[in-house]
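Protein chains in written order, with our numbering: chain A, 1 to 188; chain B, 1 to 790.
These aren't lab readings, by the way, just hints derived from the structure by calculation.
Positions of the beta carbon are idealized from the N, C-alpha and C atoms, including for glycine.
Don't take every hint at face value.
[To be verified] With the Cβ distance kept under 10 angstroms, some of the chain B side facing chain A (calculated, not the full set): (1) P80; (2) L81; (3) R323; (4) P342; (5) L542; (6) I549; (7) S559; (8) N561; (9) P562; (10) Y580; (11) L667.
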Amino acid sequence: MKNLHKFSAFLLVGAVFFGSCKKDDHDHNHAHEQELITKVVVRFSSGAETVTMTWEDTDGLGSNPPVIQNGKLKPNTTYDIDISIAGEGGKDITAEITNEADEHQVYYGFPSTLFNSFQYTDQDSKGKPLGLRAKVTTIPNTGGGNLQILLVHEPIKSQNLASTPWVYNPNIGGEQDFNITFNVTVAP
Amino acid sequence: MKYRFLLALGFLLGELHAQCTASIHGHIYQKDTKISLSDVQVRIEPLGKILQTNAEGEFELLNICEGEYQIFLEKEDFLPLHIVVELKKNEHFHKDIFLQADNQAIASVEVLGSMEKPFSTQTQNFLIGQELELLRGKTLGEMLKSITGVFTFNTGAGISKPMIHGLHSQRITILNNGIRQEGQQWGEEHAPEIDVFSAEQVSVIKGAAGVRYGSDAMGGVVMLNPLPLPTEKKLHGKAYLIGHSNNRMGNLALQIEKAFGKGWAWRWQGSAKRGGDFHSPTYVLSNTGVQELNFATTLGIERKKWQAEAYLSRYDADIGILRAAHTGNINDLAVSISRPEPWYVAPFTYEIQNPRQKIVHYLAKISSKITLDHLGTLSLQYALQWNDRKEFDIRRGGRSTIPALSLQLQTHTFDAVLEHHAWKNFQGSLGASTLWQDNYNVPGTGITPLLPNFTNFSQGIFWVERFVKPTYELEWGLRYDFRHTEVRTFQNRVRITPNYQFHWGTATLGYLYRKWQNIVMKTNFATTFRPPHTAELFSQGLHLGIGNIQQGLLFENGSLNPDKNFALEKSYKWIGTIQYQKGAWQWEISPYHHWIDNFIYATPTDIRLTIQGYFPVFSYVQRDVVLRGIDAMQKFQRGNWQWQSKFSYLNAFVRKNNEAIINMPPLRWENRWAWERKNWGKLQNTSFFVSALYVARQNNAPRVIEPSRFENISSEEKEQILAEGTFDFMLAPAGYWLWGAGASSTFKNLTATLQVENLTNTIFRDYLNRWRYYANDVGRNFILQISYIF
């Protein structure tokens, strides 16, 4: 009996010890979100003129609202689109996408009141579009509308429509890394 | 040592009566294994009374006069026994009786466990013997589903969590070999880390058992136990070979055990499993493979007044997550719902790609039981659990080999319970339990952890007592708990370490009545308080596969406030049971009513625009809810024919506004018709069966808002959606019927069973499957099972 008391006292002391041993550990796992995209910059350039539109949300899924800078394009003009992507602290992510071009594609959605023509100007190693670069021609008159841009990770590119490969459809699947919309005006 | 299973009714007499009020009660065990024996024929002379022992090996004869009685015990495959009893006036005689197996026939004995029954007035159901054997090779959740009122909350076919009367995860306690399982159970897609082959006795307590097992037992308790260690010096064992056709799964399991004198004995048990992609009736469910490699080993010693045991087990699993369901984004969810089949379907493979989970769980335990002459039986146990969970996602920039979530959870538990000797009509136990736990995020994932680091220290003391009379029992219990939680996290990039202290009390009261010969009635009322889990307080992040952002209780307008007020969850559960048995019929009906105040659950509070598009934000809130329902079971047996029917229905709602609660089980009705023959030529226990399962549509589900509505949503629309309360993205799936059939037989030591599930290859989706938005459920599956006992 006596031994038993000793034994349980020992275990109790042990339990208290565990409870009180403060872990002064390095909880520095508030890691930098390595994959989080915080900023997308879309440049429209035609000759010397460049129109820049940006979509920025620094806190990721947090509650702070995004800052969106829309833009105005000239009618009947051909623009080269060039997208650059940044992560936390302004770290460039564009190269990461270019390196994994086979596994990514940028899709575009726009009404006929915005562009007359659309053409991808870059491609992956298999000759399929990547979409960070494209060429568009605006409509001849005044107009505008919503320009939706999607970056899809692991799309099934063979499901792209032959005539409009920039339009996303459900058969393509994959995961949307960003899905942003700009309000674009077309006016002289 | 005989008294270690002391389940005796009181020895001492009650009031004086003119009529005969003596009684005989017996508990019959198999001599070597101390396993309770059911269906033993008990003949009591000179009364000429013939009784049968029940499933727990007990028999009882009430209201007899003083005098000498002779008891004759007989059971097939056992040597008959004859005992003489001299009964005094008003004596309640009790005896533990041991039957010697007739060794030549030992292999065919159907063993029934002497399972722990912590409460006699609680509704407890068992899975034992052949019923359990037929379920070998299934996940723990799927196995438990055969108990009325138990459902599973699934993430595909490979991950299933037991759900009792609508509650799961941190509201259920799983006792694995007497130790409360401590893994990352807060996660909806985190299955219990247990090798099902290590359990020979499975039972579920459906009432709240918080008094005995702490706050997590408010929804019920699942108990998994091995058999007692052997006493025979010969090596014995059991081997299983199981094949499933649907995912081409192979499953091997082996158990060996032996005693080696002076009370020492050991057991080793291991199992391996490898399965590939599951198939729905029309397509492959890509990346749903599973691999497991588990072992457990026990060493024990049993002496006259004490016994001790050391146990070590390792569970190691790799589980694939359906490729098409691993989406973080509401637009992806919209795409999946609009498609007839998943966007990613590849040819069958055993290979498990990302997304996947890799889990290792260790359990090391030392326990001891000591009989103290004048006090009772003292049980002491210490356990260490080590849980390592890594989840791999599809990531950019070659990071797919780095886990997106890497958690290590370490838990120490120490329990001491004193079961006092029966005193007058009182039986009961006193106990204390201590838990110390540390959760740690292994750095280097490159993703802000969903769950912060934390340390828990908790202590509880309890007292449970029963007042036992031949015709009724009264049971009550009290418990006090204390918990200290320290969380280590960040607020606006500054490290903070908020502390929380909780104190709470718990109580239970129950009554059992068995005056009438064929009827037993039980009623139990229990309160359980539960402090929120750290995940419910602090978690923030994307809920993969469900297209929403989740936020813990401590978030205010989207940012963390560690000082925000919150309350304990307060549960009040009543459960009643009526068991009726007469002739060929057996019935069990249990209604229940569960009030939970401050019930913690997620409800939409915001619709947020992010760079990935609009997301609904589901925040944890506390509401007063009711979960009420009824379970019913019926068995009919005549000759070789048997019909079993199980029914369960649950109705759950928020008290204030009658709002439905998501993911609550729909009505379920299961039938099984069997033809069984004990001896048929050289075959034993031959049976053929057909089963039919009906699951209704959940009509009491939240309203539906299609995810496409969130695209470019206006602020008025946003306000309107939020004002109308909770919602789901898809209509609850339609009801369905599933048919099954099978045959089983034993030849000497070898048992073979062939079964088919979803016989008609029915296309269906289940409301309690988180992948219901993405893919159809599993199609036809043939299962061949061969077991060998030696």
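Checked hints:
1. With its C-beta approaching chain A no nearer than about 42 angstroms, P80 (chain B) sits outside the 10 angstroms limit, and its interface hint is violated.
2. A cut of 10 angstroms between beta carbons decides the hint on L81 (chain B): the least distance to chain A is about 37 angstroms, and the hint is violated.
3. Interface restraint check: R323 (chain B) against chain A, minimum CB-CB distance 9 angstroms, threshold 10 angstroms, status holds.
4. The beta carbon of P342 (chain B) is positioned within 10 angstroms of a beta carbon in chain A (closest approach about 8 angstroms), and the interface hint is therefore held.
5. Against a cut-off of 10 angstroms between C-beta atoms, the interface hint on L542 (chain B) holds, since the closest Cβ of chain A lies about 6 angstroms away.
6. Look at I549 (chain B): its Cβ gets to within about 5 angstroms of chain A, closer than 10 angstroms, so that hint holds up.
7. Hint status for S559 (chain B) relative to chain A: holds, with the closest Cβ pair at about 7 angstroms, below 10 angstroms.
8. A least Cβ separation of about 13 angstroms between N561 (chain B) and chain A goes past the 10 angstroms threshold, and the interface hint is therefore violated.
9. The interface hint given for P562 (chain B) is violated, since its Cβ lies 15 angstroms from the closest Cβ of chain A, which is over the 10 angstroms cut-off.
10. Interface restraint check: Y580 (chain B) against chain A, minimum CB-CB distance 46 angstroms, threshold 10 angstroms, status violated.
11. A least Cβ separation of about 33 angstroms between L667 (chain B) and chain A goes past the 10 angstroms threshold, and the interface hint is therefore violated.
Comparing the model with each numbered hint stated earlier shows that hints 1, 2, 8, 9, 10 and 11 do not hold.
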